[in-house]
Amino acid sequence: MGATTLQRNFVASAHRRPAATAVVEPGLGAIRYDALDALSDRMRDWLVSAGVGRGDRVGLFMRKSVDTLAALLGTLKAGAAYVPVDSTAPAARGAYILHNCEVKALVAEAELLPRLQAELSALGAAPRLLPVAQGGSPGAGLAAALDGAGALQTSDTVESDAEDLAYILYTSGSTGRPKGVMLTQRNAVSFVDWCSEVFEPCKDDRVSSHAPFHFDLSILDLHLCFKHAATLVLINEDIGKDAPRLARLIADERISIWYSAPSILALLAQFGDLARHDYSALRQVLFAGEVFAVKHLRALGRQLPIPRYFNLYGPTETNVCTWYEVCMPVPEDRTKPYPIGHVCSHLKARVLDEAGAEVARGSEGELCIAGPGVMQGYWSLPEQTARGFWTGTAGQRWYRTGDIVTEDADGCYTYLGRRDRMVKRRGYRIELGEIEAALYKHPRVKEAAVVALPDADAGVIIVAHLAAHDGKPPGLIEMKRHCSQNMPLYMIPDRFAWQPSLPKTSTDKIDYQGLKALG
Amino acid sequence: MSEQDARHKIKDFIMAQFLPGEDPAELTDQTPLISGGILDSIATLQLVMFLEENYKVSFEAYEVDKDNLDTLDLIVRLLATKTRL
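As they're listed, the protein sequences go chains A and B. Residue 467 in the working numbering sits at position 467 of the first sequence; the count goes up by one each step and never skips. Position in the second sequence (first residue = 1) + 519 = the working numbering.
Worth flagging that the hints you see were computed from the coordinates, not collected in a lab. Treat the hints with care, as some may be off.
DSSO-like cross-link-like pairs, simulated, lysine-lysine; straight-line CA separation at most 30 Å [to be verified]: (1) Lys348(A) to Lys509(A); (2) Lys241(A) to Lys424(A); (3) Lys441(A) to Lys575(B); (4) Lys472(A) to Lys504(A); (5) Lys424(A) to Lys585(B); (6) Lys472(A) to Lys601(B); (7) Lys575(B) to Lys601(B); (8) Lys530(B) to Lys575(B).
Here chain A stands alone, though its shape is the one from the complex:
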């Protein structure tokens, strides 16, 4: 018996519960485990006949669909690593990623393909292509594409090794070029097993798939769901940010485990009109990716008091590495964000100083993580990979998260900010996130993001980018008065820039690079 792998988990579920619903595409239909298993087998066969095998990469340039999931599972069954690419981002970015990790084959949505192909040719990349047209039912598009490929020899599902790559997720690099985070079967399976232990999913669960597949939140959605033969409910982009429609969909689809970035939950709390729907099926609300502003979390808990709430923390490089269960209701007088919590049981954590030495408990330092969930490295970036780790005395690799934390007496970690979001102004150390937290306390502030810009005179100037509820921003005097009551004077932003809403990245996080470019 080989190592436990993502594909082995899926196949076991398909054999255990063939007639169970594997995936729902709201508005389009659903697919059973046996049908998804068969379709992904055909995908595997196409890939194997195209020469794809263990150690290869397969690009997925498609919107979220059953077709995409079958292609993803087929890739794993062929022993290869899948590389999901944001099909809504510029084609040049997608082409860069696919070329960078040298995908051997590419499954792409037919209508998105011409522009991507032009960019790929310009780079001299020519992977084997499988264009997929949209079908009338879940999986029909991929099935038709495979029909068109003719009869294929049936191959076996490959028994991957634990150290084989399972997927590569590209994240924005500080250099401006996306970098590929390489995650192995061991990384993925150890994380999924930890999720099983904490969230105890069962076959009757209906798990949301809100995050796009190129975002690491999707790993929990997909692979935890498939391991437990539960049902995955796909939520596509256009509905994903439309709070009233999303609120109805969560109720109608009787989603029981929800997982998304806090910004979506904040939208639901404000505009979802949640009292109109029945959420009796919803038993867990998980969120990760950024700090959940306490006032929005309080509002959500007030409207949905029944589910358990979990704050999950972790970069793509480790997936979730700490977790904290938030007890409802959130006290009225609480303004401080919740801690990121305890280290997950499959990982180890340390708080290190700038020289890599462990700090005294309670002191500030960088959170570093070791264990089976930690990435192998960045694709073909050995120097960046080396910079990303401290090597311990026993030769253990500690991934440097770049996040500054403190550890409480009970082993619970509190997030203070990004290593690169600490600025000094007039000799004071300022954490930009602390200013944001204070700005959020203003009743009219809907979104707040603070950036520091270099300034010849002052060293840095601090700019608060804000969006107001109902689009009517308070005046400057009012904002400065609010700041003076909620932060030391040296932290008060130099400028307040109001916008209808703050720019977001494709993964729904506030786009700080974009804000910095605005000045």
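Since chain A is already given, all that's left is putting chain B on it; use the hints.
Structure of chain B alone, referenced to chain A:
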């Protein structure tokens, strides 16, 4: 120069330097400047330099604080003790 002229001139200075874009009607004679976060320590010194240059007066270090400079009313009152507004 009358007290009213000084009040307008100081208000214009604060508006231009520290409250660009704000509606001038929002800055009243009683709006807290230092305790209201409009003037930080450096801005307060800039205001004092402006007053010293324009009205040929000088301020003692102990005078440069919230008790004496927190509102337009207080600033004009302190200035009046140093000049014949």
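Results for each hint:
About 27 Å separates the Cα atoms of lysine 348(A) and lysine 509(A), which keeps this hinted pair within 30 Å; it holds. Pair hint lysine 241(A) plus lysine 424(A) does not hold up; C-alpha atoms about 36 Å apart against a cutoff of 30 Å. For the hint pairing lysine 441(A) with lysine 575(B), the CA-to-CA distance comes to about 43 Å; that exceeds 30 Å, so the pair is violated. Between lysine 472(A) and lysine 504(A), the direct Cα distance comes to roughly 21 Å. Compliance with the 30 Å bound is thereby established for this hinted pair.
Using a Cα cut-off of 30 Å, the hinted pair lysine 424(A) and lysine 585(B) holds, with the two alpha carbons roughly 25 Å apart. For the hint linking lysine 472(A) to lysine 601(B), the alpha-carbon distance of about 43 Å lies beyond 30 Å, and the restraint is violated. This hinted pair checks out: lysine 575(B) and lysine 601(B) have alpha carbons roughly 9 Å apart, not beyond 30 Å. Straight-line distance between C-alpha atoms of lysine 530(B) and lysine 575(B) comes to about 18 Å, which keeps the hinted pair within the 30 Å bound.
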